Amino acid sequence: VDVAVLAATGASGLVGALLLAVAVAHVLRTRREEADERRRRELTPVVHALLDGDGGPRPDVAGAPAALDDVVLGLLPQLRGADRQVLRQVLAERGVVARATADLSARAAWRRGRAATLLGAAAGVHHTAALAALLDDRSPDVRSAAARALGKAGDPAAVLPLLTSLDGDRPVPQGLVGMALLDLGTPALPALREALTTGDAGVRVLAAEVLGIHGDLAAAPALQDLLTDDGHSVELRRTAAGALGRIGSPRATEALREVLAGSDSAALRRVAAEALGRVGDPAAGGALTAGLRAPEAEVRAACADALAALGAEGQAVLSAMSGGTGPSAVAARAALDALALSRRPVRMAF
Amino acid sequence: MREVFTDVVVSAGWVVLGYVLLLDVTMLLLVLTGARRVSLSRRWSGAEGHSEIFASPLTPAVSLLIPAHDEEAGILDTLAAALGQRYPALEVILVDDGSTDRTFELVAARYELAEVTPRPTASLPVDGEILSVHRARTGDPLTVVRKSSVGRRSDALNAALNLARHPLVCMVDADSLLEEDALLRVARPFVEDPANVVAAGGVIRAVNGAHTDRGTVLEPRLSKHWLVRIQTVEYLRSFLLGRTGWADAHALLIISGAFGLFRRDLVVEVGGLDPHSLAEDAELVVTLQEHLRRHRRPHRVVFVPEPVCWTEVPETWGVLGRQRRRWAHGLGQLLWKHRRMIGNPRYGPVGLLALPFFLIFEFLGPVVEVFGLASIALAGGLGLLDLGTVAVMIGLALSVGTLLSVTAIAVEEFTYRRYRRGRDVVALLAAGVIENVGFRQAHAWFRLRGLLAALTRRNPVWTPMPRTGFSGAEPQQAREALPAS
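Line by line, the protein sequences are chains A and B. Position 278 of the first sequence, counting from 1, maps to 278 under the working numbering, and the rest follow consecutively. All you need for the working numbering is the position in the second sequence, starting with 1, plus 350.
Bear in mind the hints are in silico, worked out from the structure with no lab data behind them. Please read all numbers here as calculations on a predicted model, not as lab measurements. Every residue gets a Cβ at the ideal spot worked out from N, C-alpha and C, and that includes glycine. You may find that some hints are simply not true.
[Stated by the list, open to error] To spell it out: a stretch of chain B is covered by chain A in this simulated footprint if at least three of its residues, at any positions, have a beta carbon under 8 Å from a beta carbon of chain A; those stretches are:
hint	stretch
1	497–511
2	764–775
[Stated by the list, open to error] Label-pair ranges, simulated between beta-carbon atoms:
hint	chain 1	residue 1	chain 2	residue 2	range
3	B	L372	A	P45	53 to 61 Å
4	B	R386	A	A129	50 to 58 Å
5	B	E619	A	L28	45 to 53 Å
[Unchecked claim] With the Cβ distance kept under 7 Å, some of the chain A side facing chain B (calculated, not the full set):
hint	residue
6	V5
7	V15
8	A25
9	P173
10	I213
11	A334
Model the full assembly from the supplied sequences, consistent with the hints where possible.
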């Protein structure tokens, strides 16, 4: 009983201390947030004056309060060109960039990650090597931040480290590398084309997806090879089919038709049908019409949508089939309904 | 004889006290683990890359699935919040599951619905009859399915899954409001780690009392009802910190039906939602993990502590009792269905940690709490225990329980700080203290009845919760949207 009394007293004491701490913290944080907000309001015109550069005396940025950094970092992602350069200069002058560079080797993971993010947004291409080194950081969050930062910094030299980071001992997630490569733009394309044939399965999937989003016509032959080779995984072939659809070249029609007619995988046939719809080649009409009789609902729906996208010829096929009663007719009617709705003038609900 | 009886009763009292303390201390550890994770994630605030995810063509499209039964009080707000998500590609599929009020009429008028031929993408079994499918003519990506109700939320969700077109599906309750960035934040793990992430859950908070306008929570406020205030504390403790702690231990068992994101292909692969489960949300998560573990396929179930879904919680004891009985009944069904996973190392932390915890503390807990309390009260009343000992026992249990609740509120204040008004914080603290007197015991009673229903294999019944709508929402405005007749 004595132990229980002691434990109850201890727990009650902790409860009292927490109640007090919460009340005090609430009051103090409310005051601090109000003060921060006031400072930000005062500093915003200073930043606007810097951006305007109307020939007047340049505001003193070195001696301004720390809240100026928050205002500048908040504006930076929204700006491009000369304005962005002005703000980068301000951050460099105030020592923000130097502090972030030092923080890249900080003990706390969140410090390294925030430093990488800041350098990606504010420091251009000067820190590519340091950021690339963080792709092998012990913290997954830091590796992710480094990948994003390399994409934002825009240095083509980051392409190879990014692709390599996909299959290291401490891999960076595929989606993050993909977003960074997209941020880097067309300079990444040659390395991605090479990865289509030399990379491992995961790298190839990512390369195919990114090349498709870029609409890279030069990658189409390699993508067709991936699509038609049964030895590759369904995921890779499906990504290749989707990429060919985005590229939109009618040269891919034959390969896509073959897959739609002959693959065992419903998921692959669905993506092939969607790709044929994107390509919009009338030569796909026969394969898509046959696909309307597929046993899988998702393949029928994709074929019907693709026929609707082929124009008058495909829509005529749908109209002819829509009078029936089977699943093909249902798919045809659904596609025609969707087409009719998409042609209506839009009125907003609010 | 009296001495033996006294010994038994006293021992039972200490065993019950030990059990309650063990439960509270385990929860406290979970809350502290969750608090550490939340605190760390707050340090990354602004550096998570959400803008990049919004702008990325690699971000997977999402189908938001909303089952609705008699939801005229708030359905337009819920849809406004869903359609107003800051997300690059989404569609909303609302299932009007046999509503007898004007749920469909309100939506039809606001979004100028036109009947279309259904475009199925899957063939999951649905018991209710699909009456018609409609699309919005206002340009919103909204599909509305009308079906007859069979009294089960899972049936409506399976009907929606059959029409979902996108690779991710997000299940949202019709009495819930998503914050503008909620979907973007909860989808982040899928974008960053598409090969492994199969499901993600977000934070649920009580919307009752909050100031809202057209589906947007303008200012979180605490309800005037103490029952709601106590549930607000409960949601903070269990749905924010508890689940963050479980996710950290790779043992997350529940993603709330009010707000969860899943890979559509996998949900279809496991046959959709279990039509007979009363806890279909938890059931789906466990089934997915069981299926993927069995086939040795990579998978991660994550909990993102930031995205917020505001949901209506019960305001009366009657409705709360029905809800909690249903949850306990559903938990019993789940544990029975997946009994082979309990304590089985093949299923990792889910089998070794989460399921045994739910069996011992969540499912059997009410038995110990209700009978333990009754025996202590009886022993005190009959003079078998001296009142000082009874007071110490009850005082210890109450003080540790209160410590748990107040810790959760402190974490909220030091991290997210959603409640800005001082009076709300004071009320929240008071609710954390009084939760342990009355609410906790009544809650144990409701759960005990649910447990009995599960053990006697009573027919599962989904009882709809009466809706009050969202504060600040004006039903008259909604009604004005109807054409004059």
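Tested hints:
{"no.": "1", "hint": "497–511", "verdict": "violated (count 0)"}
{"no.": "2", "hint": "764–775", "verdict": "holds (count 5)"}
{"no.": "3", "hint": "B:L372 / A:P45: 53 to 61 Å", "verdict": "holds (59 Å)"}
{"no.": "4", "hint": "B:R386 / A:A129: 50 to 58 Å", "verdict": "violated (33 Å)"}
{"no.": "5", "hint": "B:E619 / A:L28: 45 to 53 Å", "verdict": "holds (52 Å)"}
{"no.": "6", "hint": "V5", "verdict": "holds (6 Å)"}
{"no.": "7", "hint": "V15", "verdict": "holds (5 Å)"}
{"no.": "8", "hint": "A25", "verdict": "holds (6 Å)"}
{"no.": "9", "hint": "P173", "verdict": "holds (4 Å)"}
{"no.": "10", "hint": "I213", "verdict": "holds (5 Å)"}
{"no.": "11", "hint": "A334", "verdict": "holds (4 Å)"}
Violated hints for the displayed structure, listed by number in ascending order: 1 and 4.
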